[in-house]
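Colleague: Work the whole structure out from these sequences, hints included.
Going down the list, the protein sequences come from chains A and B. Numbering of the first sequence is given in the working numbering, commencing with residue 1 and proceeding in unit increments. Numbering of the second sequence is given in the working numbering, commencing with residue 1 and proceeding in unit increments.
Just so you know, these hints were derived from the structure itself, not from any lab. Heads up, some of the hints might be wrong.
A pair counts as met if it fits within one copy or between any two copies, since identical chains are not told apart.
Unchecked claim - Computed list of lysine-lysine pairs in DSS-like fashion (alpha-carbon distance at most 25 Å, straight line):
(1) Lys203 to Lys225
(2) Lys268 to Lys225
(3) Lys139 to Lys164
(4) Lys75 to Lys225
(5) Lys225 to Lys192
(6) Lys75 to Lys234
(7) Lys167 to Lys124
A quick note: this is a predicted structure, and the numbers were derived from the prediction, not measured.
2 protein chains.
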Amino acid sequence: MNMGKRSKVAFQGERGAYSELAARQFFGEEIPLVPCPSFEHVFRAVEKGQARCGVVPIENSLAGSIHQNYDLLLKYHLQIIGEKSLRVSHNLIAAPQTSLARVRRIFSHPQALMQCQNSTARLKNVELIPVYDTAGAVKKIRDENLTDGAAIASDLAARLYGMKILKRNLEDNPENYTRFLVLSRTGKAPQKADKTSIVFSLKNLPGALFRSLSVFALRDIDLYKIESRPLHGKPWEYFFYIDFAGNMRHPNCRNAITHLSEIATFLKILGSYQRDRA
Amino acid sequence: MNMGKRSKVAFQGERGAYSELAARQFFGEEIPLVPCPSFEHVFRAVEKGQARCGVVPIENSLAGSIHQNYDLLLKYHLQIIGEKSLRVSHNLIAAPQTSLARVRRIFSHPQALMQCQNSTARLKNVELIPVYDTAGAVKKIRDENLTDGAAIASDLAARLYGMKILKRNLEDNPENYTRFLVLSRTGKAPQKADKTSIVFSLKNLPGALFRSLSVFALRDIDLYKIESRPLHGKPWEYFFYIDFAGNMRHPNCRNAITHLSEIATFLKILGSYQRDRA
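Modeller: This is the structure:
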C-alpha cells in the first residue's frame, strides 16, 4: 500500500515484534514505526492521529482469536483497511558469545513458549520464563548482558538488537500463522476490496442467529469467519463478528446488510478490504 | 446431585477457588474435593478415575469463553453431565492484623485484578501483582505472613485460610457470572436434561455453517451458544461448539444430529444435561 513518507504505523510491542514484521510486509520496509506498550495504545494512537495506521493481530491458527482486539474494534471508531497473514517462525536468540550449551533460561511471551514446548523440552536444565513480549525478551538479554539466557522471537528482533540466532524454526507446529488487521481512522475501502467485517447483536430470540446468517446465504454471500464476544451487562448475550466475501460497494452486500439491520439490535460495519490469501 | 460419600470432585486451583464454590453449590457442601494444578489435570483425574467428577469454568459473562477448556473437551473423552452459573463476588482479603490503610500490594489472578480495576484505582500507593490463582493469593498471604499485602478472592477462601475480609463486592461490574461444566467419565444424561453440547467440523465450502445451523432451525431447536476454535494443521478452518435446547433422548434432537452428520466431517456429542437458569 502507498502512503506518504511521513505516515507512521503503530504496533504493539518492542521493535522487532511480529506485528512489526506484518506492518513491513504490508506497507514496505521503509515505513516509520510507532511501537506501543499495549493494543489499546495502538487504537488510541490511530484515533488521535499520532499514527496514520495501526497493525494488530486478530487471530492465530493455533491459539485462536485475540479477543481483546475484537473488543477494541467495537470500542474505537476505526476502519479495517487491510489484512496480512504472517507465517510465525520462532528463533532461539542469544548474545553473540553465548553457545546453546550455556543457555539456562529462555525468555519469551507465554504464547511463544507454549508453541515451542517440544523443542525446548529437548534442552537440558533450562528454565522457561514468561515475559511481556517476544522482541522485548531479546532486548532484555542485550540490555542486561545475560550470557546464560536466550529469547524466542523473530529473526528481525535478532537483527535489530545485534544478537545471534542459535536455532531456527523452533515452533512445534509449522502451520503457525497469525492474521493481522490494518486499521485507519478515515477508511475508504480499497478498490480491490473483496472482504467485509461487521459486528452486530441480536434480540435473544430462538432462531435469531440462524435468521441473521440467512441474509448472507439467501444472497450466496460466503462467510469466512464468525466470532462471538460477551455483551457486558447482559450475561449470556453476545456480539457477533462476521467476515464475509464482497465489499460494501456491491449492491448484493448492501442489500444483505439492510436485511440484517431489520433483525439486529445493533450493527456496525468495520470495513471492506482486500483478503490476504497467503 | 446425589453421589456416593467417597465420590471425589476435581477442580483447578487451591482450596477456596471459585471452581470449588461452583462444585459445592452443585454437589453440596460435604463433597470430598481434589484440588488440581491445571485444567488439564482436572480432565486427567476424571479420565483416570482419581475423581468421579470434575468442575471447570467454560465462560465468563465479562471475559468470554475459556478456550483451553473447549480444546480439552475435544481432547479427553468425558461427558458433560451438568452446569452451574456462579455470580462472581470478589473480596479484598488480608491477615487479621492488617488494616486497609496498610495495604501496599494486592495479589490475584490477572482476570480478577482486571475486574476490580476501578475499585483498586481508588486505593493509594498500591501495587497490583498478578499470581497463579485467586485462592492461591490468599494462601500466599497466610503462608508468607504478608502484613502489607491483600488478595482478591472468594469469601470461602478468606474463611478457609483464617483471613479477614477488608472490603466486599470489589468487582466493577455486578453482572459478573462464570458458567462451570460438570464432567464425568461415564455419562448417562440426567432424566431432566434439557440442553445438549456438541462439537463438529465442516468441509470448507460456501454456506456450510449456514446449512449446519439449518438442521436445528428446521426442527425449531433453539441454539444457546456457538463457539469456534482453530483446527490445528488447517489454518483458518474451525471446530464449532454448539449448545442447543433438548436432550439426545428426544427423536427431534436425534434427527437433527443425524442430519448434521451428513454435513459434518467430524461430530462428537459432549453430553446432555440440565440447564442452569440462574
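Colleague: All hints, please: hold or fail.
Modeller: Hint check results:
For the identical chains of this complex, Lys203 and Lys225 are neighbours both inside a copy (21 Å) and across copies (14 Å), given an alpha-carbon limit of 25 Å. Taking the shortest alpha-carbon separations for Lys268 and Lys225, both the intra-copy value of 16 Å and the inter-copy value of 21 Å come in at or below 25 Å. When the C-alpha separation of Lys139 and Lys164 is checked against a cutoff of 25 Å, the pair qualifies only within one copy, where the shortest distance is 12 Å, while the shortest distance between copies is 42 Å. In the homo-oligomer, the alpha carbons of Lys75 and Lys225 lie at most 25 Å apart both inside one protomer (20 Å) and across protomers (23 Å), since each shortest distance falls under that limit.
In the homo-oligomer, the alpha carbons of Lys225 and Lys192 lie at most 25 Å apart inside one protomer (20 Å), although the nearest pairing across protomers, at 35 Å, exceeds that limit. In this assembly of identical chains, Lys75 and Lys234 lie within 25 Å of each other by CA distance solely inside one copy; the values are 17 Å within and 31 Å between copies. Taking the shortest alpha-carbon separations for Lys167 and Lys124, only the intra-copy value of 15 Å comes in at or below 25 Å, while the best inter-copy value is 46 Å.
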